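Novice: The lines below spell out each chain.
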Amino acid sequence: MSHSTEIDSKEAWSGGQSPFRISYGKMMMWFFLVSDALTFGGLLVSYGFIRHKYADVWPKAENVFTHFPFIEKHLPLAYVGLMTFILIMSSVTMVLAVEAGHRNDKKKVIMWMFWTIVGGATFVGSQAWEWFHFIHGTAEGALRHVWDMDSGKYVEKVVYGANMTVNEYGVPQFANYFFFITGFHGFHVFSGVCINLIIFLNVLKGTYERRGHYEMIEKVGLYWHFVDLVWVFVFTFFYLL
Amino acid sequence: MSAEFHDDYPSYEHMAHHSEEEGKKTRKTLWRVFWIMLAITIFELVMGSLAPGQGWTGATWLKFLFIALTLLKAGYIILSFMHLGQEVKFLKYIILTPYIVFMSYGIFVILDEGVYSGEPINRTRVDPILISQQEKLKAGHGHHASAPAEGHSEAPAEEAHH
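First to last, the sequence lines map onto chains A and B.
Taking my numbering, the leading residue of the first sequence gets 1, the next gets one more, and so forth.
Taking my numbering, the leading residue of the second sequence gets 242, the next gets one more, and so forth.
What the hints contain is simulated information worked out from the structure, not anything from laboratory work.
All values derive from a computational prediction rather than experimental measurement.
Take the hints with a grain of salt, since some may be wrong.
Unchecked claim - Label-pair ranges, simulated between beta-carbon atoms:
hint : chain 1 : residue 1 : chain 2 : residue 2 : range
1    : B       : 330       : A       : 28        : 17 to 23 Å
2    : B       : 308       : A       : 24        : 32 to 38 Å
3    : B       : 327       : A       : 147       : 55 to 61 Å
Claimed, not checked - Computed from the model, here is a short list of chain B residues facing chain A with C-beta under 8 Å:
hint : residue
4    : 252
5    : 258
6    : 315
7    : 323
8    : 351
What the hints assert, rightly or not - If you want the ones that stay clear, here's a sample from chain A, every Cβ over 10 Å from chain B, calculated:
hint : residue
9    : 111
10   : 124
11   : 130
12   : 181
13   : 182
14   : 191
15   : 197
16   : 198
Quick reminder that beta carbons are idealized off the backbone N, C-alpha and C, glycines included.
With the rest of the complex left out, here is chain A (with noise of 0.2 Å):
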């Protein structure tokens, strides 16, 4: 923990000492992360609009997502409540690792580091499962107007899944959404991972012991409850309402 005081504001602000008393690389990725948050804020917006806008012949997800693997039953929602419960649990061993360096406690930060990658790569795979079924779509499909290349006008097919074109859920700017948001987001989260990866590399070659400080550990970890603070969202806006 920083041991950060509530500090008297004339004093903080006539020099000698910065006022967030905060280290130069965590208070830039704060900035990064503001504005990354901004980035996804202003996707969730879009979403949020156009929604509104198809609002009665938007698809709903518990309709959508109602896969879990090795099982064939229809459990809507259930397979995203596990990827979220997998994503907040990678936060948790990840702020146990940030604890553990407090501490300089190597042992504990290899361990809580370790589990955090499986739990974000867990999490990417999850995705990629459920994109491949939204892809794939239901053995039945559904009736729309397909643009014909051939003929040069619109022909009413049965369309299989989903695509930037066609859904076969509902309208189409919902798989658009769908692979946008959740693209750049798991793109985070692959991100993370590969960031994780390398500064548990580090953790493992003593970088940190020798510097003195485990704060590198806490700068990644910043990033890494802001990928789940994102899913948050996601899970809601998305999934839920």
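Given chain A, put chain B in place with the hints provided.
Specialist: Below, chain B without anything else, positioned relative to chain A:
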């Protein structure tokens, strides 16, 4: 370096330390936060599957409850996991203020512009097949709880799938 700082630390990086007892206390708090977040998520999922008309037909109070619980979870992540609650207030302000200002505008845009542009006259590109499917579904059910997918086709095999 140390002359720059009016405290016991050579630099702010070295503030990243705490004792064994403090660690114990912190871990206890973190696990409590985890259980709260897990309980909220399970509650959301159960409510989501129990509520008969979800999506745009769902109860307004439930939607607001979901949004409130989401903000609660976000608060726990930011203040507890990201330790923003322990930073000085100036830092909290410079991080939260710009975001809240921009997002308030974004929410205003959704609620104001999104609704009026949703008038059917402004929507020329929705597949008529999809609209007729939706209308048939809306006319066909409404009383039984396990309604088939609204966005799904009217294919006869559809019933067997559910």
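Novice: Kindly indicate which numbered hints from before are broken by the structure, ordering the numbers from low to high.
Specialist: Failing hints: none at all.
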